[in-house]
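Colleague: Protein sequence lines, in the order shown, are assigned to chains A and B.
Position 107 of the first sequence, counting from 1, maps to 108 under the numbering used here, and the rest follow consecutively.
Position 15 of the second sequence, counting from 1, maps to 36 under the numbering used here, and the rest follow consecutively.
One should not assume that every hint holds.
[Said to hold, decoys possible] What follows is a list of derived Cβ distance ranges for each label pair:
(1) Asn287(B) with Arg85(A): 31 to 37 angstroms
(2) Ser154(A) with Tyr259(B): 36 to 42 angstroms
(3) Glu43(B) with Arg38(A): 21 to 27 angstroms
(4) His39(A) with Asp49(B): 51 to 57 angstroms
(5) Arg90(B) with Ser177(A): 28 to 34 angstroms
(6) Ala59(B) with Arg159(A): 18 to 24 angstroms
(7) His39(A) with Thr44(B): 44 to 50 angstroms
(8) Leu114(B) with Asp37(A): 26 to 32 angstroms
(9) Asp49(B) with Asp163(A): 30 to 36 angstroms
(10) Gln58(B) with His39(A): 37 to 43 angstroms
(11) Glu48(B) with Arg85(A): 21 to 27 angstroms
[To be verified] Lysine to aspartate or glutamate pairs mimicking EDC-like chemistry, simulated, CA-CA at most 16 angstroms apart:
(12) Lys96(A) with Glu202(A)
(13) Lys193(A) with Glu180(A)
(14) Lys96(A) with Glu158(A)
(15) Lys193(A) with Glu38(B)
(16) Lys193(A) with Glu94(B)
(17) Lys96(A) with Glu31(A)
(18) Lys34(A) with Asp50(A)
(19) Lys193(A) with Asp36(B)
(20) Lys193(A) with Asp163(A)
(21) Lys193(A) with Asp175(A)
(22) Lys96(A) with Glu179(A)
(23) Lys34(A) with Glu94(B)
[As the list claims (entries may be wrong)] With the Cβ distance kept under 10 angstroms, some of the chain B side facing chain A (calculated, not the full set):
(24) Arg45
(25) Glu48
(26) Gly75
(27) Val91
Since the hints were made in silico from the structure, they are not lab data.
All of these numbers come straight from a predicted model, not from anything done at the bench.
Every residue, glycine too, gets a C-beta built ideally from N, C-alpha and C.
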Amino acid sequence: MTLGMIGALLASAGSLGLRLAGPTDTELVERFKGGDRHAFHEIVLRYQDRVYGLCYRWLGDAPTAEDTAQDVFLALFRSLGGFRGDARLSTWIFKVTLNHCKNRRLHRSRRGWGRTESLGPRPEDEGPERQIADEGPLADHGTDTREARAIVSAALERLDEDHKQILLLRDVEDLSYEEIADILELPRGTVKSRIHRARAELAAVLGRRIGPEDVR
Amino acid sequence: MDEFFARNRLSAYLDGELSAAETREVEDALAQSPTLQAELETLRAGIALLRSGGRIPAPSGFASRLEARVAREPMRVGWTRHIRAVRPEVVLLAAAACLVLVFAGRRPEEVEVAAPEGDATHGEEAPVADAVPVADPDGTAVAEADGAPAVDAAGMPGVEAANGVLGDEPLARKSSMAKRPPAASKPSAKGEREAYTPAWEQQGAPAAPPTVQAPPRYRIQLTSETGLRDLEAIVRQYGGRLEDERGRPLAPYPMEVGDTRKVRLNIPSGTISAGQLYDRLQALGHTELTQTDTLYGGTGTAPIVVEVSRE
């Protein structure tokens with residue numbers, strides 16, 4: 002069984018809500034500091050979907066998202082030996098990811114590059130295993146995952162960058178207010194008010210985009 | 022709680038981030054206001070929409086492609102691991118050797134008595150100055166060595182090479198000693214100060230004063246204003262602050278594309294090295310270490326100048 006298969010199995014178990022005993026992030030970092038390269042591989046398997054997903058949502062095309070995600074992990078590899086554990090590893094990874102995404106986007110915008118690919122569904126999204134059950138009001142209107150993703154992407158693109166990032170962290174990555182405060186280095190109160198403003202802006206954008214009946 | 026305050030707490034209410042008392046107040050306001058209820062449902066629908074997009078998995082082969090890139094990278098583990106790996110008897114032996122070297126090389130009278138002109142091995146830095154090439158009578162070789170860019174074996178301004186420079190008191194003292202004119206002709210009596218003639222103006226000495234070297238500085242290119250923010254956060258962790266060129270607290274942001282700012286890093290001596298600082302900024306994605314990126318060598322006590330540019 003390859004490592005990739007093991008990683009996929011672990012990810013599947015996680016998505017099913019199963020908790021398998023495994024090393025904590027701290028233990029993996031310590032193992033890495035002790036010279037264990039495989040510990041880094043485990044960290045990659047643990048975070049690759051979240052890092053890549055964030056990059057994809059931020060940058061909007063698969064090749065750039067993968068490049069950026071790889072750069073994030075490479076930076077992680079280079080500096081993990083000096084990681085002191087003042088913050089959680091996940092917090093640090095998200096922070097690095099956001100910075101890389103912003104830099105990449107800035108770099109791209111200076112060269113006048115636009116999106117090279119639609120933010121809509123990718124070919125690999127077609128499989129039934131990627132269909133995530135609709136929840137809430139949207140299910141009643143038949144909006145499937147791919148449509149939802151496209152609508153969300155288009156709406157997020159119209160938001161202020163600060164609002165976009167805080168919504169991705171809170172409502173997509175499901176991070177707590179404390180984690181977001183750590184990542185963005187903001188006071189918790191600012192996080193709270195910014196999340197509210199971001200959601201209000203999103204609601205306004207969505208109201209224009211899909212009509213009030215879709216978001217009621 | 023009136024409607025205005027309740028409206029501003031709807032998101033936190035949905036996230037369960039309100040206190041019990043606030044939750045009750047928001048629920049009371051909701052019960053009395055259909056408008057507020059509609060706004061709550063709109064927010065709830067937006068959240069549901071964001072979540073309905075699901076996780077986007079990394080493409081297949083992502084980890085193996087990364088592994089191929091990582092395989093070319095050396096492992097960089099914490100320096101303390103190397104210290105821990107050293108056997109205690111080796112440490113004791115090294116310490117004893119250092120003591121012998123220090124006491125053997127120390128000539129106390131030279132601290133007070135000026136060394137002969139041209140002798141670079143003056144002062145309490147004698148063991149260090151002994152390493153200066155003999156062919157360099159004015160001692161500038163030490164200054165040049167201090168001021169030279171820290172370059173690693175690969176020819177790249179190196180994180181490792183620069184470690185220990187920023188806030189490194191011994192290096193700073195070494196540098197200041199080296200830059201000082203030779204003490205040979207400087208009289209010790211206070212009253213004779215006006216008659217003091219620098220060594221380079223004395224007969225037989227070169228007519229021109231020694232080259233005045235520009236203060237060494239660090240130049241760290243940051244690619245965004247978030248880099249400046251992170252830099253500030255790191256500096257604060259070490260009890261320091263960012264200052265403008267006049268030593269005033271730095272007026273923050275925003276920076277426009279193409280802006281370059283000179284920032285003084287006022288950090289207590291010995292807290293973080295330039296290499297560590299650079300490493301942390303790089304880890305946060307603010308710098309891309311290439312052959313052209315610069316991290317100049319510097320001395321510990323001089324303020325470090327960082328040029329923040331968005332190029």
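Colleague: Now, for every hint given, state plainly whether the structure supports it.
Modeller: For each hint, the structure was consulted:
no.: 1; hint: Asn287(B) with Arg85(A): 31 to 37 angstroms; verdict: violated, 22 angstroms
no.: 2; hint: Ser154(A) with Tyr259(B): 36 to 42 angstroms; verdict: holds, 40 angstroms
no.: 3; hint: Glu43(B) with Arg38(A): 21 to 27 angstroms; verdict: violated, 49 angstroms
no.: 4; hint: His39(A) with Asp49(B): 51 to 57 angstroms; verdict: holds, 56 angstroms
no.: 5; hint: Arg90(B) with Ser177(A): 28 to 34 angstroms; verdict: holds, 32 angstroms
no.: 6; hint: Ala59(B) with Arg159(A): 18 to 24 angstroms; verdict: holds, 22 angstroms
no.: 7; hint: His39(A) with Thr44(B): 44 to 50 angstroms; verdict: holds, 47 angstroms
no.: 8; hint: Leu114(B) with Asp37(A): 26 to 32 angstroms; verdict: holds, 30 angstroms
no.: 9; hint: Asp49(B) with Asp163(A): 30 to 36 angstroms; verdict: holds, 32 angstroms
no.: 10; hint: Gln58(B) with His39(A): 37 to 43 angstroms; verdict: violated, 53 angstroms
no.: 11; hint: Glu48(B) with Arg85(A): 21 to 27 angstroms; verdict: violated, 43 angstroms
no.: 12; hint: Lys96(A) with Glu202(A); verdict: violated, 23 angstroms
no.: 13; hint: Lys193(A) with Glu180(A); verdict: holds, 12 angstroms
no.: 14; hint: Lys96(A) with Glu158(A); verdict: violated, 20 angstroms
no.: 15; hint: Lys193(A) with Glu38(B); verdict: holds, 9 angstroms
no.: 16; hint: Lys193(A) with Glu94(B); verdict: violated, 41 angstroms
no.: 17; hint: Lys96(A) with Glu31(A); verdict: violated, 21 angstroms
no.: 18; hint: Lys34(A) with Asp50(A); verdict: violated, 24 angstroms
no.: 19; hint: Lys193(A) with Asp36(B); verdict: holds, 10 angstroms
no.: 20; hint: Lys193(A) with Asp163(A); verdict: holds, 13 angstroms
no.: 21; hint: Lys193(A) with Asp175(A); verdict: holds, 14 angstroms
no.: 22; hint: Lys96(A) with Glu179(A); verdict: holds, 13 angstroms
no.: 23; hint: Lys34(A) with Glu94(B); verdict: holds, 15 angstroms
no.: 24; hint: Arg45; verdict: violated, 18 angstroms
no.: 25; hint: Glu48; verdict: violated, 17 angstroms
no.: 26; hint: Gly75; verdict: holds, 4 angstroms
no.: 27; hint: Val91; verdict: holds, 5 angstroms
Hint compliance for this structure: hints 1, 3, 10, 11, 12, 14, 16, 17, 18, 24 and 25 are broken, all remaining hints hold.
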